[in-house]
Amino acid sequence: METLERIIAEHPFFAGLDGGFTNLMVSCASNVRFQPGTYIFKEGDAANTFYLIRAGKVALEVRAPQHSPIIISTLEVGDILGWSWLLAPYQWKFHARAIDEVRAIALDGKCLRTKCEENHDLGYEVLKRFARIIEQRLDATRFQLLDVYAVKR
Amino acid sequence: MATTPKIDPMLPQPFVVHEVSKETPDTFTLRLDPEDTIKASAFQPGQFSMLWVFGVGELPISISGDPALHDRLVYTVRSVGQATHSLVNQKAGSSVGVRGPFGSGWPVDAARGRDVVVVAGGIGLAPLRPVIYQVLQNRKDYGRLVILYGGRSPRDLLYRKELAKWARSPETQVLVTVDYGGLGWRGHVGVVTTLFKYSRLQPARSVAMVCGPEIMMRFVIRELEGHGLSRDDIYLSMERNMKCAVGFCGHCQYGPHFICKDGPVFRYEQVSLLLEKYEL
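If you read the protein sequences in the order shown, they are chains A and B. Under the working numbering, the letters of the first sequence match residues 17 to 169, in that order. Under the working numbering, the letters of the second sequence match residues 42 to 321, in that order.
Each hint can be trusted.
Listed below are several chain B residues computed to face chain A (Cβ distance under 8 Å; list not exhaustive):
| no. | residue |
| --- | --- |
| 1 | 197 |
| 2 | 220 |
| 3 | 227 |
| 4 | 234 |
| 5 | 239 |
| 6 | 257 |
| 7 | 260 |
None of these hints come from the bench; they were simulated from the model. All residues carry an ideal CB built from backbone N, CA and C; glycine is no exception.
Kindly produce the complete structure, drawing on both the sequences and the hints.
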């Protein structure tokens, strides 16, 4: 049986993390499950968690007045969901909906924030990892904005 | 290697429109059969033809059909202007002139024994479909086949039934994404580069073949190189305004190359510096 320790230690996001820090992560972690169609979080809600997706697919949705909701991105097995817990005002910017049954490890962001404040080495390791994800998603968003497949008339 | 047409390359051969089928709201696939007196030329995956719509004009169109079927030529065309609109509105039985096939093909022979990574954006899947046919028909000659395909929205995806069929083939991974998905879409949403992390690439044994808008190919190359693929193992299909198709007129000149004759398929190394020059 896979333990939280093993899953977290083997996840690429935590690769190279000191064993003591991994144990800190594990102390903030729990297994969660979401049924298809349920919202994992909604825009404006307090952001105090992030997730390692272990199974299923999550849609990030944007909703705006007089627009149909659109899915701007999907996240799947191995992906990290959520970084708003890391930066004030700690509120979600999008809706996240389980497209199919989603199994994930939830990490308590509030707990982790406190530990990062107490231990800046841990804080730096966490920020480096999230900065990489934020960079990848920013790149993808810039590419998406180009709308490269549209007909240029 | 290019296949040299045995007939006068400037002389269109008469073909008959056998069928026009709708792929997406603006993209159609045409099957053209040679008239009784001639044979369809064999082609290499990646090559293109010049299609003459009588009374309208001539267009360079990549061949998107099965290279093993010698009784027809198949093209997938996006209707974006007068000539393409006229081409996709041809009725079955009408006549179209065909010159070619022209240009360089994908390295399907050099890729034998290796994993083939097909990365396509939008209508860029059309020139790569013959590669997929060839690999699947000669399955033991190749390693894994990885198809990464990105489209603008679910309704813009080409060959949806075939993508599902290919995904059921052995040693084949098909990942499809759209830039914008409605709530009803249950597939992946995100640009094509976001698929790489799910693709389990083995860079040392992979050959990548990439086709799509030029800016998309630049993003894809960055991702392929980031995953450890050598420049020598990345191939691109370039697009310019081909006119004569045999390197006489210079319309498709791209730095020292003529796309029609030296391309459209290039090893990335051949064009890497040119890709950064926006004026070309």
